[in-house]
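Novice: Spelled out, the chains give:
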Amino acid sequence: MSATTVETRPRAGISARGALICLTGIVWREGLRFLHQRGRFLSALVRPLVWLFIFAAGFRATLGVSIIPPYETYVLYEVYIAPGLIAMIQLFNGLQSSLSMVYDREVGAMRILLVSPYPRWFLLVSKLIAGIAVSILQVYAFLLVAYFWDVQPDDPIGYLTVLPALVLTGFMLGAMGLAMSSVFKQLENFASVMNFVIFPMFFASSALYPLWRVQQASIPLYNICLWNPFTHAVELIRFALYGQIEWTSLAVVACCSVVFFAAAIFAYDPSTGLTARRGGPDAGAK
Amino acid sequence: MKSPISRRAVPALAKAAAVFAGLAALIAAPAPAWAAKVFVTNERDHTMTVLDSESLKTLQTVKTGRRPRGLTASPDGKLIYVCASDDNRVEVYDANDYKLLRTLPSGPDPELFVLHPSGNPLYIANEDDALVTIVDTETGKVVGEIPVGVEPEGMGISPDGKTLVNTSETTSMAHFIDTTTKQIVENVLVDSRPRVAQFTPDAKFTWVSAEVGGTVSVIDNASHEVVKKITFQIPGVNDEAIQPVGIRITKDGNTAFVALGPANRVAIVDTHTYEIKKYLLVGQRVWQMAFSPDESVLYTTNGNSNDISVIDVASQKVTKSVTVGRGPWGVVAVP
Numbered sequence: 001m002s003a004t005t006v007e008t009r010p011r012a013g014i015s016a017r018g019a020l021i022c023l024t025g026i027v028w029r030e031g032l033r034f035l036h037q038r039g040r041f042l043s044a045l046v047r048p049l050v051w052l053f054i055f056a057a058g059f060r061a062t063l064g065v066s067i068i069p070p071y072e073t074y075v076l077y078e079v080y081i082a083p084g085l086i087a088m089i090q091l092f093n094g095l096q097s098s099l100s101m102v103y104d105r106e107v108g109a110m111r112i113l114l115v116s117p118y119p120r121w122f123l124l125v126s127k128l129i130a131g132i133a134v135s136i137l138q139v140y141a142f143l144l145v146a147y148f149w150d151v152q153p154d155d156p157i158g159y160l161t162v163l164p165a166l167v168l169t170g171f172m173l174g175a176m177g178l179a180m181s182s183v184f185k186q187l188e189n190f191a192s193v194m195n196f197v198i199f200p201m202f203f204a205s206s207a208l209y210p211l212w213r214v215q216q217a218s219i220p221l222y223n224i225c226l227w228n229p230f231t232h233a234v235e236l237i238r239f240a241l242y243g244q245i246e247w248t249s250l251a252v253v254a255c256c257s258v259v260f261f262a263a264a265i266f267a268y269d270p271s272t273g274l275t276a277r278r279g280g281p282d283a284g285a286k
Numbered sequence: 001m002k003s004p005i006s007r008r009a010v011p012a013l014a015k016a017a018a019v020f021a022g023l024a025a026l027i028a029a030p031a032p033a034w035a036a037k038v039f040v041t042n043e044r045d046h047t048m049t050v051l052d053s054e055s056l057k058t059l060q061t062v063k064t065g066r067r068p069r070g071l072t073a074s075p076d077g078k079l080i081y082v083c084a085s086d087d088n089r090v091e092v093y094d095a096n097d098y099k100l101l102r103t104l105p106s107g108p109d110p111e112l113f114v115l116h117p118s119g120n121p122l123y124i125a126n127e128d129d130a131l132v133t134i135v136d137t138e139t140g141k142v143v144g145e146i147p148v149g150v151e152p153e154g155m156g157i158s159p160d161g162k163t164l165v166n167t168s169e170t171t172s173m174a175h176f177i178d179t180t181t182k183q184i185v186e187n188v189l190v191d192s193r194p195r196v197a198q199f200t201p202d203a204k205f206t207w208v209s210a211e212v213g214g215t216v217s218v219i220d221n222a223s224h225e226v227v228k229k230i231t232f233q234i235p236g237v238n239d240e241a242i243q244p245v246g247i248r249i250t251k252d253g254n255t256a257f258v259a260l261g262p263a264n265r266v267a268i269v270d271t272h273t274y275e276i277k278k279y280l281l282v283g284q285r286v287w288q289m290a291f292s293p294d295e296s297v298l299y300t301t302n303g304n305s306n307d308i309s310v311i312d313v314a315s316q317k318v319t320k321s322v323t324v325g326r327g328p329w330g331v332v333a334v335p
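Top to bottom, those sequences are chains E and Y.
UniProt numbering applies: residue 1 is where the first sequence begins, and numbers increase by one.
UniProt numbering applies: residue 1 is where the second sequence begins, and numbers increase by one.
Hints are computed from structural coordinates only; laboratory data are not their basis.
Bear in mind the structure is a predicted one, so any value in this text is a computation, not a measurement.
Heads up, the beta-carbon is just placed ideally off N, CA and C, and yes, glycines get one too.
Among these hints, one or two may not hold up.
As the list claims (entries may be wrong) - Simulated crosslink set (SDA-like; lysine to any residue; CA at most 20 Å straight-line):
id, chain 1, residue 1, chain 2, residue 2
1, Y, Lys57, Y, Pro293
2, Y, Lys162, Y, Ile184
3, Y, Lys277, E, Phe148
4, Y, Lys278, E, Pro70
5, Y, Lys317, E, Asp155
6, Y, Lys317, E, Arg38
7, Y, Lys277, E, Ala146
8, Y, Lys277, Y, Asn304
9, Y, Lys99, Y, Thr72
10, Y, Lys277, E, Val75
11, Y, Lys78, Y, Arg44
12, Y, Lys317, E, Ile157
13, Y, Lys278, E, Ala146
14, Y, Lys320, E, Phe53
15, Y, Lys317, Y, Leu56
16, Y, Lys317, E, Leu143
17, Y, Lys78, Y, Leu115
18, Y, Lys317, E, Val197
19, Y, Lys63, Y, His46
20, Y, Lys182, Y, Thr103
21, Y, Lys317, Y, Phe291
22, Y, Lys277, E, Leu76
23, Y, Lys320, E, Ile157
24, Y, Lys320, E, Asp155
25, Y, Lys320, E, Glu72
26, Y, Lys278, E, Phe148
27, Y, Lys320, E, Gln244
28, Y, Lys277, E, Asp150
To be verified - Chain Y is nowhere near these chain E residues, computed Cβ spacing over 12 Å in every case:
id, residue
29, Val107
30, Ile112
31, Gln152
32, Phe199
Unchecked claim - Partial selection, computed: residues in chain Y whose CB lies under 7 Å from chain E:
id, residue
33, Lys277
34, Leu281
35, Ser309
36, Val318
37, Ser321
Chain Y extracted, bound-state conformation (with noise of 0.2 Å):
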């Protein structure tokens, strides 16, 4: 004989387990649907990986010259550029087909570069040299060559194109170059080893990293004077891990992001105030960094840990990190 309560209680089961089961079978929401492609260098193993930004699976691994480090996509996207730092050339790469289209004479063990914003010339930091090269993007011709202090590395070029920022990295100063003249016009000293330069989109100021010294300057470009030294602390990590290295400026100027290396974290500042509003855990020792087509997500390179964290930028949390090849060191998107 059954209890009349088994009876009853079979319908109210069966409504608990529809709930159960509707929740368990909640999943995230997928994921916007624009594609891009992301190229990312990997130093030691020789390559570039290019992953789709929608599926971040790899969609190649292409051979490049020998300790592939920066790299950078013309103005249209079209084209890709990296440094074959042990080559001694830029490689010009299809992002469609990714196949090598031409070499670039660069100089000696070229690190970082920065295009024109017009997508020619493409000026090229020598490290070994102390120069900065500049190469005819369309001739393939070396055009100038501007002497600058020991180890060049961090490159920033102004939005309208006139000015041209490098940074020494055994010298600790920003070189502030005119681009017409090709010619310094001012040397800025800033804390030890700078890595990374970056003009704020509305042209008013620099932010340079210095990966020893721990700190992002901050320079105003009418004046060359240090406005500003960003600190970094994050509770549980000690001070000579943290070195700052990539920066990136959201487009709309109120938000940066400092890469700072083997701390394995994100920084986000907030550009008017200077204060840290953030530090985003992502892979280890995190260099540089470059942001989709959108502006929707930064991908960041950790060389250490072999991989790229992606963040998403609206809401400032690290959403994936995914396998590369080994020691990924440059990145950049292109539609």
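So here's chain E without its partners, still in its complex pose (with noise of 0.2 Å):
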């Protein structure tokens, strides 16, 4: 139980200030890091646009035949992968953040963080809110270069729009790799994991293709798109690009946070967690 928890843990030195300082910290931390490894931060930024330009100058002609919300004229193949690639480079910031968390446990720089007087919960969100401002760098850094390929939305007011869309789909992401980070003892086994997770989230989804195309060529395909919650990631910043809310996918989107995050609360909690069940590395130092 949560109030046992917090009960049993010391009360001083808690305050919003200091609360403050270890978000900041743990931001700060994050940040630093993305910042010093040079090669992460042009591989998140150079992947999609591997996909940019290359990709979809392959595909330019195969769409302009029909035009779907949030559209309302023809656009180019590479207009059309722009969220899609925005969700992608999300998709992996959240699964290399929360890699970072099976990184610091192999090290044992997660026991530091885990000795601090907070909830775990708010450590959860503090290294939630740390990914999302990274991944949400790299995505501004991505528009900043679509920009100039001519991919940008109809009105500029859309890059302020997407931020709330970034924001959410951005702790989704991020929610579900650290659920999932909690089960994997070594980096060796989430590396591989990732592209068990990426690949098919990714391309069983609209941000390639749009659904009525998957509808055509393959109904299971077009109903595993529509139960993946990446599909809806993609939408939601789609829509907001334009300036517009996709209800369905705000509520997907916001659901699946919710129902991740409580997975990795739970699966981080030391008293009922899968760390401890499992003997994680860092559950002999408790």
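These two chains come separately, so use the hints to put the complex back together.
Specialist: Encoded structure:
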């Protein structure tokens, strides 16, 4: 029970200011780590740009045959896949940020974090906020490059309206990564799972093709796409870039965020969590 | 027992939620508050769609003669002239109540026409007869016929109304006609299948599009020489699909829009350097175009996707595409 957990912790030093310091510390550390890993920043930017410049170039002619909301006119394929690539950035980042949890656990840095007097959920939220902040940086860097490739929302205000959507989708994908990271003992396991998670999620979604196209090709695949939370993350971003809200996607992303985050709290809770039961590297330290 | 963090976090969360809600509620600014009527002929439906320029909703679908194609408006915007190609006549509609007022003789298979800047007469290209027919719009009488090349189509008139340019698709020529003497003064060879002729606002040049040639020839009106041939290249689109048809030039004479047919693009051309500044994606097989009365918007007819696309002239972006009837062909906008 979380109430028991709070009671047993020392109360000294707990304050909103302290919480802010803790949050800033976590975000700062994640930011520094991101900036110091230039390769990660570069790959985070190059990956979607390769899709945009090379993959989309070959498919230019395939779209422009039908107008689907939120678009009010024909769009080039590059414009169509941009929201999918933004979500891909966030998916990679969410999982990579969680990957760092596994790394922290392996090198022992997590122990320092966990002796903090703040509740576990707060630490996890801080970690998620840090991940979201980094992913948003990556997304805007991508949008900047895309702007010069003539991939832009109709109205520049779209760059602002997409922000809440990015926070929400970043939270959902980050929470999903957190929940997953708790069950992996080592980096190697997690890296291979990234392949099993990222690619199926990315391909079985509306990121690359409109769902009506998928429906024409295969009904089961269409249903899989509909049930894939990543599809809804993509659609939420797509509509937000055009200053609109896709309510179904918003509901799905919000619900999935809650479920994934609850799973992460459960998994990282030392009394109930999977980490303790599985005897993770930091379990012995408790 | 509650932690102080959660108590303090509540107002912060509320603030964050308010910011999120505020951002999410941001919607695109409303469209400018001018209203015009946009008339579109639907070649395969034998109708004319009337749209409100602001909402882009269909106000009315008007039954016309068979195969309506070319479309123009009187200078005061009160009359709409429609080429009913298969009925061999020009129909005149009231722009307010869309009633058919009268029909004018046109000669066989009228496809495109141009109105004298004064509103009278009407010069009609008769595709099957190698003729340009001149019709007095008031008396409804044919006042002259000018033999031109085979399959005449494009019709352009100088701002002073003294020179008429007709293009003949099979002969691949632009015929310069003196409207006073009704005689051809010069024939200029252009690339294959010329479709549209358009004068620049300063009347110094005539732009002629060649559909099969894939070029736009810029002809000096004084020397009747082709001074420039504009070619188009779109990454990812076959050269054969680039078939220029409609041409519109802004009143300031700085920017030209060229419809590129099955390339589904409109090219934006700098009229001084002849450099192509941008290609805009529109619907399928874009042919004809028309500016709104205030020239803030350009409408394109997309014959194969049964819609019109709306281009914002200032931002050079396609803002919307709206379904009309089958085979939209001609378009005109009146206040």
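Novice: Indicate, hint by hint, whether the structure satisfies it.
Specialist: Here's how the hints hold up against the structure:
1. Y:Lys57 to Y:Pro293: holds, 18 Å
2. Y:Lys162 to Y:Ile184: holds, 12 Å
3. Y:Lys277 to E:Phe148: Since the Cα atoms of lysine 277 (chain Y) and phenylalanine 148 (chain E) sit roughly 14 Å apart, the hinted pair holds (cutoff 20 Å).
4. Y:Lys278 to E:Pro70: violated, 23 Å
5. Y:Lys317 to E:Asp155: Measuring from Cα to Cα gives roughly 10 Å; hence the hint holds.
6. Y:Lys317 to E:Arg38: violated, 36 Å
7. Y:Lys277 to E:Ala146: holds, 18 Å
8. Y:Lys277 to Y:Asn304: violated, 26 Å
9. Y:Lys99 to Y:Thr72: Holds, because 16 Å separates the two Cα atoms, which is no more than 20 Å.
10. Y:Lys277 to E:Val75: holds, 18 Å
11. Y:Lys78 to Y:Arg44: violated, 26 Å
12. Y:Lys317 to E:Ile157: holds, 15 Å
13. Y:Lys278 to E:Ala146: holds, 16 Å
14. Y:Lys320 to E:Phe53: violated, 25 Å
15. Y:Lys317 to Y:Leu56: Cα-Cα ~17 Å, so holds.
16. Y:Lys317 to E:Leu143: holds, 18 Å
17. Y:Lys78 to Y:Leu115: holds, 14 Å
18. Y:Lys317 to E:Val197: Measuring from Cα to Cα gives roughly 38 Å; hence the hint is violated.
19. Y:Lys63 to Y:His46: With Cα atoms ~6 Å apart, lysine 63 (chain Y) and histidine 46 (chain Y) stay inside 20 Å; holds.
20. Y:Lys182 to Y:Thr103: At roughly 24 Å apart (the allowed maximum being 20 Å), threonine 103 (chain Y) and lysine 182 (chain Y) break the hint.
21. Y:Lys317 to Y:Phe291: holds, 14 Å
22. Y:Lys277 to E:Leu76: Judged against 20 Å, a Cα distance of about 17 Å means the pair holds.
23. Y:Lys320 to E:Ile157: The given pair, whose Cα atoms are some 18 Å apart, holds under the 20 Å limit.
24. Y:Lys320 to E:Asp155: holds, 13 Å
25. Y:Lys320 to E:Glu72: holds, 5 Å
26. Y:Lys278 to E:Phe148: Given that 20 Å is the threshold and the Cα spacing comes to 13 Å, the pair holds.
27. Y:Lys320 to E:Gln244: Holds. Lysine 320 (chain Y) to glutamine 244 (chain E) sits at ~16 Å (cutoff 20 Å).
28. Y:Lys277 to E:Asp150: Holds, at roughly 13 Å.
29. Val107: holds, 28 Å
30. Ile112: Given a closest Cβ separation of 20 Å, the condition holds.
31. Gln152: violated, 9 Å
32. Phe199: holds, 26 Å
33. Lys277: With a closest approach of 12 Å, the lysine 277 (chain Y) hint is violated.
34. Leu281: Nearest chain E Cβ about 5 Å off; hint holds.
35. Ser309: Result: holds, 6 Å to nearest chain E Cβ.
36. Val318: holds, 5 Å
37. Ser321: Where the cut-off is 7 Å and the nearest Cβ of chain E is about 4 Å from serine 321 (chain Y), the hint holds.
Checked against the numbered hints given earlier, this structure breaks hints 4, 6, 8, 11, 14, 18, 20, 31 and 33; the rest are met.
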